[in-house]
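Trainee: Residue strings, one per chain:
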Amino acid sequence: MTMYTTRRISILASLALAIAGCGGGGDGGGGNNPPPPPPPPVPISQAEAFQFLNQATFGATEAEAEAVIDMGFEAWIDDQLTKPASLQLPYVQSLPDPAFMGLLQPDRVDVWFRNSLYGEDQLRQRVAFALSEIMVVSQLSSLNNQPFALADYYDMLARNAFGNYRDLIEDVTLHPAMGVYLSMLSNEKPDPVLNIRPDENYARELMQLFSIGLVEMNIDGTVVVDGLGVPVPTYDQAVIEGFAHVYTGWTYAISNDFRNPRPIPENQIQPMNLWPEFHDDEAKLLLGGEMIPAGQGGEADLAQALDNVFDHPNVGPFMAIRLIQRLTTSNPSPQYIQRVATVFNNNGSGVRGDMGAVIKAILMDPEARPANPSATDGKLKEPLLRFTQLWKAYNATSESGSYRNLGAVYILFGQGPLQSPSVFNFFSPFYAPPGEIRDAGLVAPEFGIATEYLNTQFTNYIFFQALALNAENPDLEPDDVYIDFSEELELAANVDVLIDRVDQKLLAGTMSETLRNEIAGMLALIPETDAALRAAEVIYFVATSPEFAYQR
Amino acid sequence: MKKMNRRAFLKSSGAAAAMFAATPGITYAQVVGGGAPFNDYKALVCVFMFGGCDTFNMVVPRSNAEYNVYAASRQNMAVDQADLLPITPLTSDGVDYGLHPTMGGVQGLFTQGAASFVTNIGPLVEPTTKDQYFNSSVLLPPQLFSHNDQQDQWMSLRGINSSATGWAGRMADLIRSNVANQQMATNASLFGTNQFQSADETIAYIMGPTGPLQFSGFSTDPTSILNDQRLAFSAIVDADYDSVYERGFAAVQRRAIDAADTVSTAIENAPTLSTVFPASQLGTQLQTVANLIAVRDELQMERQIFFVATGGFDTHDDQVETLPGLLENISDSMTAFYNATVELGVADSVTSFTQSDFGRTLTSNGDGTDHAWASNQLVVGGAVNGQDFYGDYPLLQIGGDDDVGGGRIIPTTSADQYAATIAKWFGIDDVDLGVVAPNIDNFAVRDLGFMI
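If you're matching them up, the sequences are chains A and B in order.
First residue of the first sequence: 2, per the working numbering; consecutive thereafter.
First residue of the second sequence: 160, per the working numbering; consecutive thereafter.
Read the hints as simulated data drawn from the structure, not as lab findings.
Keep in mind that a hint or two might mislead.
DEER-style ranges, computed between Cβ atoms [unchecked claim]:
{"id": "1", "chain 1": "B", "residue 1": "Asp417", "chain 2": "A", "residue 2": "Val225", "range": "41 to 51 Å"}
{"id": "2", "chain 1": "B", "residue 1": "Ser378", "chain 2": "A", "residue 2": "Asp480", "range": "28 to 38 Å"}
{"id": "3", "chain 1": "A", "residue 1": "Pro266", "chain 2": "B", "residue 2": "Gly267", "range": "44 to 54 Å"}
{"id": "4", "chain 1": "A", "residue 1": "Val231", "chain 2": "B", "residue 2": "Asp551", "range": "45 to 55 Å"}
Over 12 Å on every C-beta distance to chain B, these chain A residues come out as not near it, computed from the model [to be verified]:
{"id": "5", "residue": "Ala100"}
{"id": "6", "residue": "Ile265"}
{"id": "7", "residue": "Phe279"}
{"id": "8", "residue": "Ala295"}
{"id": "9", "residue": "Ser350"}
{"id": "10", "residue": "Ser375"}
{"id": "11", "residue": "Ala441"}
{"id": "12", "residue": "Asn474"}
{"id": "13", "residue": "Glu538"}
{"id": "14", "residue": "Ala550"}
Beta carbons are placed, not taken as given, at the ideal position from N, Cα and C, and that holds for glycine.
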């Protein structure tokens, strides 16, 4: 009821704005009327604050919603843009050397959970996670032995989250984690006698997945087609080979051997180093017919090549679509894409690639929180984000303070931090599940891992979390991450009050009648004296429900 | 013309199918008159090698002249001539061939007539020569050498068009009136969502590598509170929702609930196989497939298409160190699976076959190889016309007539021909092969002959 009232207020307020706009046009109608006063700020409802926070953080909480309602969306974003990055590397470095470096991966995931759940820089961490799903490196590779490289790569994404895209792609390109993952590390100039040509892996994926994509786009993300209606490719094999030659001559920072360098801890966290004798110094073809002249050296080649990619008109709409899909909605309108891409192209101060401005444009866009949502607005929450939202709402922790137990979270939910099965991420931005979504020509990337199998695994883990891994269980192990529903225990005698409380915490009071009635029916079967089971049941049903899986 | 009418009819009668699905004793086929029920069982198993397998190191020329050309092209990527496991195709092109030294299992299958290779195959829209490739006088599959696009080509056979469906999905749609009583979808994946099994009408069922999961805390015992739990969960899933994302999520949950008990219970009652599978992810998936095939009668399955997969084939780095283990896993897992079908007495009814993004460059980048085009693919089963090569095996020469650059070989057999040959054996009418393999009419041969 509160939400309904607030929505009415916001509709009235927007009407008032529209009228004010008319008046500004000079017509007015009644010349003797004074101009209307500026409209009062539109109050943000709890549901709107939750919606916003599920887009901008690792899950809405009542406390953070209060801050958003108090500050307003824009001021909250501006404040977040100033927060320094919570880091992973210092923690991972502080641990004693294990027998096998891969044993530190659960510790990397541990600090990821701590930063993502409780870091002050929620927006920065959420954007870093989004970037980690676009510019992918993964533990599921030889990087399993390089936990410092992965922690530092993630920290690099977090530092660059609100910086400039041009700096971001340079840092990504020269990061040893990426060097290993997409084999630019130790990539060398051609040797025609041995039929050796430069490795094309990084050349291809930087363009296809991190920057411009396969086909030319207009600024609104629509595909450019030729006279026959065929999409126009952004590059061909000759351009790939040009970039492959650019990316020759780089290896770990500290090494006596270009071809067989060792991933000592220092090498995992320093940008790769150029060995000029292994760099191809011939002329090279770039995008749009641009040529790198012969003989300018590896660093100048790299700078020119990354500038060439950065200046391609696809980058704005490409990054707009990728980031909008990660944060707000699966199917942005061309207008939404264009508004964000326009900010990418120029932040208003003549700067191209200002990521902070892009993130703000995505979150402040009217389409991020439409006044009258349609059936296709919003998105499915990623399973890991459903999970962190639940954990945040119920202050999940362990006696030891560690989240190491979830080190292999990708096995549980099909995703985890830097745990993608390949550079193509956990799911494709183009994935369309069978049924009405695909029939309507829409996409829903997260459904790529919303399979019968993984959904059931998620459902079962929530069951286990709610019923067993909670603070009321006396048999918890020190590393068991448990949720705390002590507040609900006090309310459990009254079914309606109990359900209301969980509804407020997880759904901002938007629970459907069906969900409420079914939960109430279950609670009626549980004795009033079994408060813990009652509380656990409500949380289980809400956290596994379609409405909780949906990000408005 | 005929095929269009039939498909249009099937599509329009979806509501009737839904209505009669709930009516015991009356099959959809009886009502709408579609295809006659099959009177036999057949299963296909697609083994996808993600990343682009270097299959010119899987099947290698062994005769001196051709081997020397191979070795000169491949340099430090070459397999030693003496290490190759000899195989002798029944149809000789005058060259001796061998398999990668880790593929003793497949060598045995080949020699006993239970396996063949389809050589120099890849996505094509129409037959393509090197001149035609460079002067753009033929249509080419878009985005050659790109992983996801070429995976998509193999799985969808979309050619220059876009396609929401895959060729296994389209096969399932074509036979859906023939198999209305199956208790599980025709398509089942043990490796997640995939384009291969995507369909307009029939939705693939996705389980884990060891089978479906049952829901914790559910019971069907009417005296248990866990039965109420199951019913409440079900009612929530079946509620009306405003958002397509809620509805889509609920639909997955509904399919999971429906299949979990039936399939899990059936698998639990499967006989224990004496065949030992490799402990790899692929070996585990194929063992589960064998268990599912063992309970085909309990599940009333007549036609099944399984998708299993393994990754790591994108060997840009360290190929010499990593490829042997990858190929050994393919060989050992597919050999064990074939042996399991023999043990179950269904070897003649089950065909497994490989697919992969693309072949790899014959040239190296120092310690690995890059994305290319043509490859060789393996077909295994009792219904395979075994111990042979289907298609030409090219001369592996850099700059030769088949090389578009860097040792990227143009396919001389198309993935459409591969699919059409398999589909025909599976029971797809000749008139419908164009639905399965949309570019098939661009090729003179519709049936490559590797299936009985």
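Trainee: A separate judgement is required for each hint: does it hold in the structure or not?
Mentor: We went through each hint and held it up to the structure:
no. : hint                               : verdict
1   : Asp417(B) to Val225(A): 41 to 51 Å : holds, 44 Å
2   : Ser378(B) to Asp480(A): 28 to 38 Å : holds, 31 Å
3   : Pro266(A) to Gly267(B): 44 to 54 Å : holds, 47 Å
4   : Val231(A) to Asp551(B): 45 to 55 Å : violated, 30 Å
5   : Ala100                             : holds, 23 Å
6   : Ile265                             : holds, 19 Å
7   : Phe279                             : violated, 10 Å
8   : Ala295                             : holds, 21 Å
9   : Ser350                             : holds, 37 Å
10  : Ser375                             : violated, 9 Å
11  : Ala441                             : violated, 7 Å
12  : Asn474                             : holds, 16 Å
13  : Glu538                             : violated, 8 Å
14  : Ala550                             : violated, 5 Å
Against the hints set out earlier in the document, violations occur for numbers 4, 7, 10, 11, 13 and 14.
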